Amino acid sequence: MRFRLTDDQRALRDGVRLVLARRFGAEALRAAVGRPGLDRGLWRELGAAGFFSLRLPEAAGGVGLGLPEAVLVFEEAGRVLLPGPLVATHLAAGVVPGAATGDVVVTAVGGGGLVEWLDEADAVVGDAAGAVVVRSVDPLTPLHRVPAAGSSARPDDLLVLLTAAEQLGTAVRACEAAVQHARTREQFGRPVGAFQAVKHLCAELLARVEVARAAVYAAAVTADPVDIAAARLLADEAAVRGARDCLQVHGGMGFTWEADVHLCLKRAWVRAERGGSLAESEELLAGELLVETG
Amino acid sequence: MDLTHSPAEEEFRARLREWLAKVLPALPPKPPPDDWPGRRAYDLGWQRMLYDAGYADVHWDASPAVRLVFLEETERAGAPYVGANFVGLLHAGPTIAAEGTAEQRARWLPPVLRGEEVWCQGFSEPDAGSDLASLRTRARRDGDEYVVTGSKIWTSHAEVADWCELLVRTDPSAPKHRGISWLAMPMDAPGVTVRPLRTLAGSTEFAEVFLDEVRVPVANRVGQENDGWRVTMVTLSFERGTAFVGEVVACRRVLGELARKARSGGRWDDPGLRRRLGRLNAEFRALWRLTQWNVSEAESSGGVPGVGGSVFKLRYSRARQELYDAAAEVLGAEALDLDRPWVLDRLGSLSYTIAAGTSEIQRNIVAERILGLPKG
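Protein chains in written order, with my numbering: chain A, 1 to 294; chain B, 1 to 376.
Heads up, some of the hints might be wrong.
Said to hold, decoys possible - Interface residues of chain A toward chain B, partial, derived using beta-carbon atoms under 7 Å: (1) M1; (2) F3; (3) V179; (4) E210; (5) E282.
Unchecked claim - Calculated lysine to any residue pairs in the SDA-like style (CA-CA distance at most 25 Å, straight line): (6) B:K261 / A:E283; (7) B:K375 / A:G287; (8) B:K261 / A:G287; (9) B:K375 / A:R244; (10) B:K375 / A:P191; (11) B:K375 / A:E283; (12) B:K261 / A:E288; (13) B:K261 / A:R244; (14) B:K176 / A:A194.
Claimed, not checked - Facing chain B, a subset of chain A residues (Cβ under 8 Å, in silico): (15) G193; (16) A194; (17) Q196; (18) A203; (19) A207; (20) T222.
Keep in mind that the hints were calculated from the coordinates and are not lab data. Fair warning: this is a prediction, and the values are worked out from it, not measured in the lab. All residues carry an ideal CB built from backbone N, CA and C; glycine is no exception.
Pulled out of the complex, with its shape left as it was, chain A reads as follows:
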């Protein structure tokens, strides 16, 4: 059993991290908030880098990698809060022509009957007829709601897993931002991170990240629906509660538009909805307890 990153996986993660830092750093994120709209140039660059074709076989022009690698890549995307229907387009690669290369933007009807980036998308998976605009809480995720849509339909497992990977990345970012702030922000003559109340918020942030990471990576290896449901619950919790705790560590500054913290929280909320109802994931996990004997 070697449940840790291989050298190749480490190199892939580091490579993606470098590309995203260069192409979508903190300033680009700010710029995107000020000027919403999908960056088609960036989308094609992601396509050229194999972001969408990662799991397509090499014979089909893909990179030929697996779900664990995809999870690592989506974790990095979540870490920089990369906007756009990334998961839907990735899952459409090999199905919708042009998706694999990033020439075509694909969105999907997700949990709660919500559709992300509908106006910018070239193709929609699912029936988005009659979709109405929603004033989206997340400035970087335009939303439509499909009135009578199959909001009760259980989302695709891979969509749930890759979304969980994005949540994990955002949880990592929230943890890093909280720690960075706690180390540098001084009150009462010392860094706030020296106060136990703040220290303990940070420790819980990391604990949630580590537990979610183990669950998400394991689900990527097994692709088991119950593992995926567990990964989803823990990654949602790590991202949503992580962003809230990060906001708390930032104090008054955290409540302003200028701090990036709110972007983490709002994106985490949007993604949590994408995975379908929490109750459904919990019921799946509960049901499994009866099935498994001894």
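For this one, chain A is given, so just place chain B on it according to the hints.
Using the frame of chain A, we list chain B on its own:
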């Protein structure tokens, strides 16, 4: 990333499973929680069986992955847990193996493995629990011996222990983290008095230990004089890093039993309860995956478990309490009957966020040593 075991590990699993199926049915029932002499004999007997079958040193010499297989299989088969051998097998033994001299290893390790000697842990004191480095038990050097005076508390299995891994202050003038030494003290030495403490669960699994001019040979010191804090950190990393691993498997089994009990008792119709159990399933699955991750990392770095064990301990101790609170919900009024299953476990779970370093201490460790936040 790979979650499958190697052929050698699977072979080990198959052999162990076969052996367990053969020996477990003949095992006598476990003595009640308060019969510590009985428990001692039972736990040592089990250790002896493991020794004779060649499994005794699985906690020390086997690769971490093989150890995981061992814990999975013994728990799945309902085999006894380490019990009174906890300190010897999981704390003192690994510490002596890592830090002791050849003579010390030869003296103390084989009796632990053969199930002949029981150890207890003399770390905490009435005024030095979470602030362990404030300990005051003194050891004055007198020729080839230390003369030890002071007291220890929360000493599990002290009543039936042969040896105590004892932390003493050997240089009172040094800063508090220095000047500490790690000694192996015989519990039958003159001047040692054990006073059992009753836990809120009603049992006397731990005790106060009073030390009045107890003479301990200098040769019983593990590590250098005044270097005991570092040796202690090795012990604690074993405690937090690996000592709870087997229990996660046990909790997953309990959770399944709980769900079946809820169904047979009609409680399964309650969606709130189902969702709560579902969430606990997610948590324990993730804790098991985290264990596998930590074990794989330890295998690649090949050493003592790191401070990452604090993350595990923090989450596990809370999850265990939530598990038994859920059990109480399933049991209803039965949860007030000490003779029902899980009720004693529920009481016992209250110690998990305190023992082996409180959750507050674990958060400080995570924040300061992993995240690099300044000391308060």
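Evaluation of the provided hints:
no.	hint	in the structure
1	M1	5 Å, holds
2	F3	4 Å, holds
3	V179	5 Å, holds
4	E210	5 Å, holds
5	E282	3 Å, holds
6	B:K261 / A:E283	17 Å, holds
7	B:K375 / A:G287	45 Å, violated
8	B:K261 / A:G287	13 Å, holds
9	B:K375 / A:R244	24 Å, holds
10	B:K375 / A:P191	10 Å, holds
11	B:K375 / A:E283	43 Å, violated
12	B:K261 / A:E288	14 Å, holds
13	B:K261 / A:R244	37 Å, violated
14	B:K176 / A:A194	21 Å, holds
15	G193	4 Å, holds
16	A194	4 Å, holds
17	Q196	6 Å, holds
18	A203	4 Å, holds
19	A207	5 Å, holds
20	T222	7 Å, holds
Checked against the numbered hints above, the structure violates hints 7, 11, 13; every other hint is satisfied.
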